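J.: Just need the whole structure built from these sequences, with the hints factored in.
Chains as they are written, first to last, in my numbering: chain R, 1 to 99; chain F, 100 to 739; chain S, 740 to 1302.
These aren't lab readings, by the way, just hints derived from the structure by calculation. Everything numeric in this text was worked out from a predicted model, so none of it was measured. One or more of the hints may lead you astray.
[What the hints assert, rightly or not] Okay, derived cross-link-like pairs now, DSBU-like style, lysine-lysine, Cα gap no bigger than 35 Å in a straight line:
| hint | chain 1 | residue 1 | chain 2 | residue 2 |
| --- | --- | --- | --- | --- |
| 1 | F | K136 | S | K1126 |
| 2 | S | K1126 | F | K685 |
| 3 | S | K1188 | S | K1126 |
| 4 | S | K1188 | F | K136 |
| 5 | S | K909 | S | K1126 |
| 6 | S | K859 | F | K685 |
| 7 | F | K685 | S | K909 |
| 8 | S | K1198 | F | K134 |
| 9 | S | K1198 | F | K136 |
| 10 | S | K1126 | S | K1198 |
| 11 | F | K266 | S | K1198 |
[What the hints assert, rightly or not] Per the computed footprint, the stretches of chain F lying under chain S, defined by three or more beta-carbons under 8 Å from a beta-carbon of chain S, are:
| hint | stretch |
| --- | --- |
| 12 | 169-177 |
| 13 | 276-282 |
| 14 | 289-300 |
[What the hints assert, rightly or not] From chain R, some residues computed to sit far from chain F (all C-beta separations above 10 Å):
| hint | residue |
| --- | --- |
| 15 | I28 |
| 16 | V30 |
| 17 | L36 |
| 18 | V67 |
By construction, the Cβ of each residue, glycine as well, lies at the ideal position given by its N, Cα and C atoms.
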Amino acid sequence: MSTSSYLTISIILFSIGTIGFVVRRNAIVVFMCVELMLNAVNLAFVAFARHHGSLEGEAAVFFVMVVAAAEAAVGLAIIIAVFRNHRSIETSDADHLRL
Amino acid sequence: MESMGSHREIVDASLAIIPLCPLVGAMVAYIVGQKQKDLAGWIATAASTLAFLFVVKNFFALGTNQVLLDKSFVWLSVGNFSIDFAFQFDHLTAVMCLVVTGIGSLIHLYSVGYMAHDESRPRFFAYLNLFLFSMLLLVLGANLLVLFVGWEGVGLCSYLLIGFWHKNIAFAGAGRKAFVVNRIGDAAFLLAMFLIIMNYGSLDFMALSRVMPGETSEGLATLISVLLFIGATGKSAQIPLFVWLPDAMAGPTPVSALIHAATMVTAGVYLMARLNFLFEMAPLAMLVVCMVAGLTALVAATIALVQNDIKKVLAYSTVSQLGFMFLAAGAGAYWVAIFHLVTHAFFKACLFLGSGSVIHACHHEQDMRHMGGLQRVMPFTAATYWISTLAIAGIFPFAGYFSKHHILSALEHAGAHNPQLFPWGVPLSYIATFAAILTAFYVTRSAAMTFLGSYRGHAHPHESPWQMVVPLVVLAGLALVGGVFLEGALSLQHYLGHAIPVGDVHHGESMASFSFLLNALLHSWPGFLGVGLALFLYTQAKEIPGKIARAFGPFTQVLANKYYVDELYGAIIVRPLEGMARFLWKGADQAVIDGSVNGTAAVVEISGELIRTTSTGQLRHYGFFMFVGTLFIIFFYMAL
Amino acid sequence: MENTSYFLGIFPLLTTMVFLPLVGAILLYLIPGFSGQDEHTRSRVTWFTLGVSGLTFIVSIACLNRFDPSVVTAQLVERTPWIERFGVQYYLGVDGISILLVLLTTFLMPIIVLASHSVKTNLRGYLFHMLVLECAMLGTLLAFDAFLFYVFWEFMLFPMYFIIGIWGGKRRIYATLKFVLYTVVGSLLMLVGLFYVVWAYAAQNGGEITFSLYELSRSVDLSLSEQIWLFAGFALAFGIKVPLFPFHTWLPDAHVEAPTGGSVVLAGVLLKMGLYGYIRYAYPLFPQGAAYFAPVLATLAVIGIVYGALVAWAQEDIKKLVAYSSVSHLGYCVLGFVAFNALSTTGSLYQMLNHGISTGALFLLVGVLYDRRHTREISEYGGLASKVPVFAFLFLVFTLSSIALPLTNGFIGEFLILAGSFQEFPVLTAFAVTGVVLGAVYMLTLYMKTMFGELNEEKNGSLTDVTPREIVTFAPLFVLVFVMGIYPQPFLRLMEPTVHQYIEDVSRKMVKVGSPIEEPADGTSYAQKSGGNAARAQLAFESFNVERVKPVANSPLNFEENL
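T.: In structure tokens:
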């Protein structure tokens, strides 16, 4: 498969993630959308790495994966904490820090 | 004109003791007065007399062609500009000091009686002594700056004493007015000093009298002279700054006699005599002086015609007489100005003290319409008042005759002396003669209304205590024989000739000769005319003055309201300034400047408010902005 | 004896003086006995602070003792590297320009502490801030390193911010914000300008960085347009602090809202910092920019004199009136300084001291009234002279000092300023002289309305005269009013050599350094051709020397020689 096909899929995934992030209110879904975007980027990295025949892109992917894992751990903990307080994980309810 | 300072011998002397006497006296009188109120007056009188004795001592120590000098200490020295707190005592100073401390002591004594029942008399005597201190600084100062210290100092004391009864806010206001009007003159005085410093680097009289004549252009001399004269109009109550003096009568009457008749108000005349070398170089300024003085003499005399308050009559009379002095000084006859200053000090102090005695007797009634017939109960007061009346009227052989006669003849000959005055000298002498007739008239009117006829008031008048009578008698004696003495025995012209230019000294006919007497009596005609007319109108034909007043209704009204000068100044200066002050505060300061400051703050706040609306707290909105922003950045870089 | 003098020789007097108040301030919070609010603790705290500030005053007297007026550069210098990488030094010193201001600061502080008994809440915090403020002010006056100066300059803001913001009146938050924002805007401009100068210096000296004032002013070479811009920035910063018209509107608000001690320190010392900044930094660093702006500054100063006086006249609040009178008085100081000759500049420095004393005293007097009646409306008073005579007497004396009556301190300053600036700006000075009249108008009107007239028994019948404690507070000020008015020579002598040298140095550079016009062979003709203040300053300077050579008889001392 050509690099452009990978990139197309990556763009599609990223767009889905973005739209989901903006549109959805359920914190878990928003969270999953963020993961979707991260993985879209990962796909692009890998595709470019293969295209250029270098390993930097693949190294970067590992970083992203580690960050994503850490983020998942912290993010889910926050969502649980929010749920305990609000009995809801709607992002639109969590606006107490608004000016 | 040769300068007088160059060939005089300078002798060191300790002169500082003279002003220090009343300064220490003021403090002691006040402090002791807290416990022993009656002692305060005596202490102050003693201090003043002591100063007088020191003056007399120096008077005799002062030799022909000598100047006594006391350098005291370096007062101000910056760069190459240096001023000593120095005193000098020459013949001019001697005359002034004798008048100030001599009459000052008499008035202190008088005040002991006059203020005997006032609660705050320690304060009064402290102020009075403080005034003497300042006045002595003024006349003893060896440079313009020390003179200025005294100049402002007497202004302060005048302020404090006019507003002495400060519970009456109108009196306090009169004091403030005096100070502020004086300050206007002082501002001009300051500018004159700056010009002198800029051009000569010194303020010292003797140095200036040497340096100035050679190095001064007429324009500069005129500018400095006019500025100094503006200063003098403030202190000596000349047009346009005379308005404070009539109001100054709010002060206790001894104050009016000492400060507002005999001494402080003559400071301007002294200044001109002291700086004669400067004024000599500015003939145009002399013309200005003469014009202003002539106008003042006439205007004030006309106002005095219709006043009913005895002190107001005397106040306007003082303004008018000061005009006479400036006429003499403006004509270049400085010694004549000083001569009139001295005789005026005698008879005007006596008149004021006499009026004080009357006011004291009538329980603080000042309106002459409620007096009359006091001759019977107050013989001493009446007699001394009448003597002084004849003196101010300029009738031979009373003191006023001599000085006034010299003023008129100085004016007639002024043209020869100063070409600028050539066409004006004679008309000015006519004006002065007319003013002299008016003078004789209004003073006689006041004497007649007070002492002749029958009593129209409700109090029980009585003669004043001896402390008040003695000064009256002494001053009346001086008003009687002072002129003869100064003209003949002492020869003031010759005496002052050691210090200031006096023209040719006449050692003419003896005063005892018949032709002299006849001549003198003939030259007293303005006095006889004024006195006679007033006596006739206010004792024989009492209904006529009222008729005249009615006949000239509007004019009388204008005179009674003092030409509406106060109202005019209020309308064109004071109120516009007040309005401007309010406008600057509310309009400029609060609206414009603070408005723009607060406006800046408001703009920041409003933009903050606007931006705040984008912070919805919704995660999705933030995500959306982030996305749009990223896109924007990407497109931006791609466009590059 | 040898040992003691050696010890004194190396003893860091200036550092001790600057940081003694700071140490005292910290001790206020460390010593356990000072934490209560009861009367006993309050007096202990006051006595402690009085001791600290008194000790600081004694140290400053020791400085005066070791100060040599004939040396025209910084003395008692303490200098060590601070941030070596950026050439920042800890560089303290004192010279003839700052010595009297330092003394004024240390002199006023014990008086302020004495007057602080009217502070009802958290006296300890108040005194803490006062001591911190003293440290900052002394540091600002003594710093000869521009960076150190800036640090202290900004450091002055914080205690003042709290003093007004916590112990102030009703609108204190507005006033304190206005004060701080105004000042910060100015000082940021100054900071930028300062970095520009240092950067220019580094570029011209092979990358070497220094913030030392002497180094910078001696060897940095700036073009005329650079100087104009930089001077404008500095001028704005310092002009706001002075305050120069039209940047003065923070002052009345700050004064009205500040507690008495705050007002005294604000009028007494803080306002002088603005002009001090001009003298110490703006002029030596940018002489040509200064010459370019001198007419503008002089005009603003004269507007300030007249405007401040007029607006003061219209005031209904005593404190506001005194605050506007400060605008007017500081106008004189600025006018005297920018006229830039020996007479006027000395007068300007002298007037700064006078203003600190007489206006400080007036604020204290207002404080006395406010403590008793809790109002500052002029119309609430009247006829007080018969009720509180001693108070009325003190008020009179300081009023007269404020309107520059001869034999009080104010006259010396005002006379020197006006006489000196008349030689440079005759027309402007003529306008400034109207301030002499207007000063009398507003002060005497205030005096008349409050002290004279019928006493309103209902309102003021229970007023009590000044207490012995208050008399002790006023006594030193009272004495100084007359000492400085009658015998100013000792004070003038302290500053004169430095001022003379300073003027000589700066006016030389006003014409020569980095001149945009080719200098002709004949220096004088250049000065005449180019016109402007720089040239006039140079001319004035030359005529100054000429006069010195030519024996114009100007004092009675040399009569005999000239007979």
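J.: Each hint needs a verdict: does it hold in this structure or not?
T.: Structure-based check of each hint:
1. K136/F - K1126/S: Between K136/F and K1126/S the Cα gap is close to 19 Å, so the pair holds against 35 Å.
2. K1126/S - K685/F: Status holds; Cα separation ~34 Å.
3. K1188/S - K1126/S: Holds. K1188/S to K1126/S sits at ~14 Å (cutoff 35 Å).
4. K1188/S - K136/F: holds (28 Å)
5. K909/S - K1126/S: With Cα atoms ~29 Å apart, K909/S and K1126/S stay inside 35 Å; holds.
6. K859/S - K685/F: holds (34 Å)
7. K685/F - K909/S: holds (21 Å)
8. K1198/S - K134/F: holds (30 Å)
9. K1198/S - K136/F: The hint holds at about 30 Å.
10. K1126/S - K1198/S: Distance of about 12 Å is within 35 Å: holds.
11. K266/F - K1198/S: Roughly 16 Å between the alpha carbons, so the hint for K266/F and K1198/S holds.
12. 169-177: Answer holds; 7 residues pass the 8 Å Cβ test.
13. 276-282: holds (count 3)
14. 289-300: Since 9 is at least three, the answer is holds.
15. I28: The assertion about I28/R holds, with a minimum of 13 Å to chain F.
16. V30: violated (7 Å)
17. L36: Label holds. Min Cβ-Cβ 13 Å, cutoff 10 Å.
18. V67: holds (17 Å)
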